[in-house]
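**Q** If you want the building blocks of each chain, they are given just below.
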Amino acid sequence: MENIDRKNFFKTIGKGALIVALSSALPIKFFSKAAHLSRQSNPKIKIHPSAVKRNKA
Amino acid sequence: MDDYSKLSNNKLWKSLKEFHNEDDVLKMKHDEFLDGVTDEFDSSKLSGISRRKFFALLSASAALTATACTNYRDKGEIIPYNKRPEEILPGAANYYASTCNGCSLSCGILIKTREGRPIKVEGNPDHPVSRGKICAKGQASILDLYDPERLKAPYFNGKETSWKNVDSTVINILNETQKNGKQIAIVTDTIVSPTAKKVLDDFTAKYQNTKIYSYSLVNDFIRRQAWSECYGTDEYPAVKFDDANIILTLDADFLGNEGNYIENMRKYVSKREVVDKLNFNRLYAAEGRMSSTGMMADYRLKVAPSQQLNFVLGIIYELNKINPHLQLDKSISARLKKFSLLDSADGEKFKHLIKDLNDNRGKSIIYAGDSLSKDVHLAVNYLNEVLGNTILYDYKSSFKNIVKHSTKEEITSLINSMNQGKVGIIIHYESNPVYTMPKDFGYESALKNVKTVISLTVSENESSAYANYTLPTNHSFEAWGDAYAREGFYSLQQPVISPIFNSRQKESVLLSWISANPNSYQEDIYHQYLMKSFNSDVFVKANSLADAKTFWYSALHDGIVRKNGTRQITRFNNIVLNNIKEIIPGNNFIVHLTESYFVGDGRFANNGWLQELPHPVSKITWDNYASISPITAKQLNVQMNDFIEVSLDGRKLVLPALIQPGVHERTINIELGYGRTKAGEVGKNVGFNSVELMTKNWVYSPFLFENASIRKSEGSHKLVSTQEHHSLDDTFVKDFHYSRKIIQEGTLEKYIKEPNFLNEEKENLVSITNEIKYTGHKWAMAIDLNKCTGCSACISSCNVENNIAVVGKEQVERGREMQWIRIDRYYSGQPDNPIVSNQPMLCQHCDNAPCENVCPVNATNHSPDGLNQMVYNRCVGTRYCSNNCPYKVRRFNFFNHRDHFADAYYDNDLTSLMYNPEVTVRSRGVMEKCTFCVQKIMEARSNAIRDGKELKGSDVVTACQQACPTNAITFGDANDPASQIAKLRKHNLSYHVLEELNVKPNVTYIAKLRNTHSEEK
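Respectively, the protein sequence lines represent chains A and B.
Each residue of the first sequence is one higher than the one before, starting from 111 at the first, in this note's numbering.
Each residue of the second sequence is one higher than the one before, starting from 181 at the first, in this note's numbering.
Just so you know, the hints here were simulated from the structure itself, not pulled from any lab data.
Where is the CB? At the ideal position from N, CA and C, for every residue including glycine.
Among these hints, one or two may not hold up.
[Claimed, not checked] Examples of chain B residues lying across from chain A (beta carbon under 7 Å, computed):
(1) SER239
(2) ALA246
(3) ARG264
(4) GLU267
(5) ASN274
(6) TYR276
(7) ALA277
(8) TYR387
(9) GLN674
(10) LEU736
(11) HIS737
(12) PRO935
[What the hints assert, rightly or not] Result set (DSS-like, lysine-lysine): computed pairs, CA atoms no more than 27 Å apart in a straight line:
(13) A/LYS163 / B/LYS263
(14) A/LYS156 / B/LYS263
(15) B/LYS233 / A/LYS121
(16) B/LYS344 / A/LYS156
(17) B/LYS332 / A/LYS154
(18) B/LYS743 / B/LYS576
(19) B/LYS953 / B/LYS1166
(20) A/LYS163 / B/LYS729
(21) B/LYS628 / A/LYS163
[Claimed, not checked] Which bits of chain B does chain A cover? Going by a derived footprint, with three or more residues having C-beta under 8 Å, they are:
(22) 288-298
(23) 1089-1098
The whole structure should be built from the sequences, with the hints applied where relevant.
**A** In structure tokens form, the structure reads like this:
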């Protein structure tokens, strides 16, 4: 395993955390592709307008 | 030794391994859970981890979690309706009458919806044939509506396109093909809809080069052909099995999957009544395989399918000997001969059969299977004539034939035309000929010579793989339709949900092509067409006082319209007897192909619930196999799961062997419907495609082939059977099932002589704890074993009602199937022809439930009305309750199976719409089991409070009870002395399984009586 000193280790983690924090703040759900996917995953349910229901005996 | 002793003194065994007391079965019984999760975990094998790596991983996970949490997938919000649809009362279910189109029987169904989502299918009680019952396939078919792999849009050469583009280009191609004089071929499955036929006729009128071909893998073509020769019509009558004292079936699984088996089961058990009056028929089954009907038979004779003609002629020969008054036709008299191919034990049964048939002339029926040759059917029709049994034919309910099945010559001519480039367009009209047609027709290769191939289909299949246009059609719950499957009534199919995807009704697609205008499509195009057709064909003839609109809505409400059945009785044409071709059976093996009980002809292959339903006889899930007799296995040195190669004139199939007790030594039974290569993630490559063994040049029938050779092949394939799962540890109790009297049976004769024979040895049991008094309702169930055919409709219905997860083959192998009710199948006697007993087993809701005492968190406890309850939120998954359950009916969620199965195939927004909102969806680490459908009890209670009535036991119908085609299951309030359940609990034939443990189970079994002769000692 590569020998990384304590300072470098936390530096790397710190950079990573900063990138994560910044990227997580991006409004990705408004990106068109993501919004499109989100819409696609919710199937529309509609009762058929001509169906005739009945009361179960 | 008396009859009952003879039956019950036999050791009961569930499998050949158990019969021979093999070590792995003993181990399986001893271990509570098969290879549990903890067995796979070996801490010594884990590698160490450094402190630095640990922190690095921890930080990385924390960072990833932070990222993931910032964008919750929008699942929408639960908000009340701001404009509530008129039909919907939130929290209350609606029901819509419709027609099942899972097969050509067209049973009446009620589709239950919640907030617009179809969530369950039940039988329509107003339907004159199915009378409120449907099969396991029909119950589970709801899953297909929410199959995530349904086609969502039209495709042209693999690329998504619009319907408008499809319509305009296809109309151009149709016109061009018509102009060029090339054929337009439409290949359909069986059509039972008169209006769909009209659409096809209109299409043919518009495009005159059109030819319609009807082909289905499993069909009654031979029966119709024989009937046509005997009586001049191919619409054969139903049989009044409820009026028959003696029933003889010849390789006919009339209680399993032949004819209208739902109707047959109901009629058959009407003469298996022990509760209100003793009314018994006697069932003889002569068969080569072991079928559901064979399991129910009072007498089962092993007769190879190729010997059935000689068997029938042998019956006529014997009848003629004992009854000289039988007036036999000369042509048949000349060829009568003694049937001597029976085992010595079966010889006695044969004598009883002859006597019974002779004594019950006009009150018996001989019924040949759909897969037998035409000659057998001709001989059977004649035998029924000779015995006067034709009185049991119900012509008012004959099986209609709307579009005739294409002959071999017609299909061959189509394929020749395709090969010669004479077919311009081929339309697969919700059919899958690439999979279903015998390979020697050469359909698949001929398709390559057709310029335009169009597949109208709900999901992709083997045929759509060759299509230029793959066009999504509506699921039947989204589609209009009608059916005229039986004389006497007409059924309607209505959509209960608007199409979820960009699919169209298949008839609408053709109608818009008929109009030749790509802009003509309207959503209600077929709806209007159907109403018009209904008015002219049904309303006008009904002479109703109501106006057309009212009549239409009333028909939709009821699901059916009764018509006067025309009675067509024609005389038997004796000349056909000259046509009976006797083929001398050889000594080689006979391959008998039969329809799968649950995946049918393969159309239900992608339905996880149906793949996971244990086979009624072998209890195998997720596979088909070659079923061979123990003797054959010994001769070939084949063990269970070993691959064998079956060869038929150059056609070969390698598949695993299943050694099945009761199979004729020369018969190999293989089920159809498996081995699909393009059926979706669930059904793809499950089992082996036995269509490979079929040929267009058959001799006996399309499903029966003589002169097969079999040999042991290299390797093996693990067949997974649930039969030995959830067995009790009998290490310390020899012959457990017998000595503990889990199965209690007797003969009818014994019962008549000694009605109390079952209770003679019963002792009063003393409890060491205080008895709890149930003063209000006390819920209980009774199961009449005389009526249970093992059809598994109850399991299927329970799966749907209670959101039971599909776990997959690998998990079933580990004994982790989740079904709350199982049907135990016990054999007794010797493996060459055993006696079979079925026993549905579910939580017994014991008064002194041993599971409750051992739960450390009180997750399982008792309700004041006698229910053994599960509190899922409390359960910490110790599994102590399951260890302590004597009936082994508790199921532990080793995984979140929806996520774990097939790469989370069923974990999606679409399939989630199917869940019953009244039942918790369980996850990993939770124990679950039958609740006696507590949600239905609560609903009935709520309705009773609303209506100001007292809750009655009969107000609650559990899912299994509702589904049972034979009404073998009764549920109710045991504290109500007037109730049926109270009556059954006191019946002479009632018993509890493992009564001596004094756990006081609340499921009562009614012991089975067999109607055998007293000489059977």
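**Q** Look at each hint and say if it fits the structure.
**A** Here is how each hint holds up against the structure:
For B/SER239, the shortest C-beta to C-beta distance to chain A is roughly 5 Å, which falls under 7 Å, so the interface hint holds. Satisfaction of the interface hint for B/ALA246 is found here, the shortest Cβ-Cβ separation to chain A being roughly 6 Å, below the 7 Å cut-off. Contact between B/ARG264 and chain A, as hinted, is not supported at the beta carbon level, the nearest pair being about 11 Å apart and thus beyond 7 Å. With its C-beta approaching chain A no nearer than about 5 Å, B/GLU267 sits inside the 7 Å limit, and its interface hint holds.
With 7 Å as the threshold, the beta carbon of B/ASN274 comes within range of chain A, its nearest partner Cβ sitting at about 5 Å, so the hint holds. Restraint check, B/TYR276 versus chain A: the minimum CB separation of about 5 Å is within 7 Å; hint holds. A hinted interface residue such as B/ALA277 counts as satisfied when its beta carbon comes closer than 7 Å to some beta carbon of chain A; here the least separation is about 6 Å, so the hint holds. Given the 7 Å rule on beta carbons, the hint for B/TYR387 is violated: about 30 Å separates it from the nearest Cβ of chain A.
With a cut of 7 Å, the hint placing B/GLN674 at the interface with chain A holds, because the nearest CB-to-CB distance is about 5 Å. The interface hint given for B/LEU736 holds, since its Cβ lies 4 Å from the closest Cβ of chain A, which is under the 7 Å cut-off. Using the Cβ-Cβ criterion of 7 Å, the hint placing B/HIS737 at the interface with chain A is satisfied: the shortest such distance is roughly 5 Å. Because the smallest distance between the Cβ of B/PRO935 and any Cβ of chain A comes to about 36 Å, over 7 Å, the interface hint for this residue is violated.
Of the supplied pair hints, the one linking A/LYS163 and B/LYS263 holds, its CA atoms being roughly 19 Å apart against a limit of 27 Å. As the CA atoms of A/LYS156 and B/LYS263 are separated by approximately 13 Å, the hinted pair is consistent with the 27 Å bound. Of the supplied pair hints, the one linking B/LYS233 and A/LYS121 holds, its CA atoms being roughly 15 Å apart against a limit of 27 Å. For the hint pairing B/LYS344 with A/LYS156, the CA-to-CA distance comes to about 23 Å; that is within 27 Å, so the pair holds.
Distance check on the hinted pair: B/LYS332 and A/LYS154 sit about 13 Å apart at the alpha-carbon level, within 27 Å; holds. A distance of roughly 10 Å separates the Cα atoms of B/LYS743 and B/LYS576; the hinted pair therefore holds under the 27 Å criterion. As the CA atoms of B/LYS953 and B/LYS1166 are separated by approximately 18 Å, the hinted pair is consistent with the 27 Å bound. With a CA separation close to 16 Å, the supplied pair A/LYS163 and B/LYS729 stays within the 27 Å bound.
Restraint check for B/LYS628 and A/LYS163: the C-alpha separation of about 47 Å exceeds 27 Å, so the hint is violated. Against chain A, the segment 288-298 of chain B contributes 5 residues with a C-beta closer than 8 Å to a partner C-beta. That satisfies the three-residue criterion, and the hint holds. Interface restraint, the segment 1089-1098 of chain B with chain A: holds (3 residues with C-beta to C-beta distance below 8 Å; minimum three).
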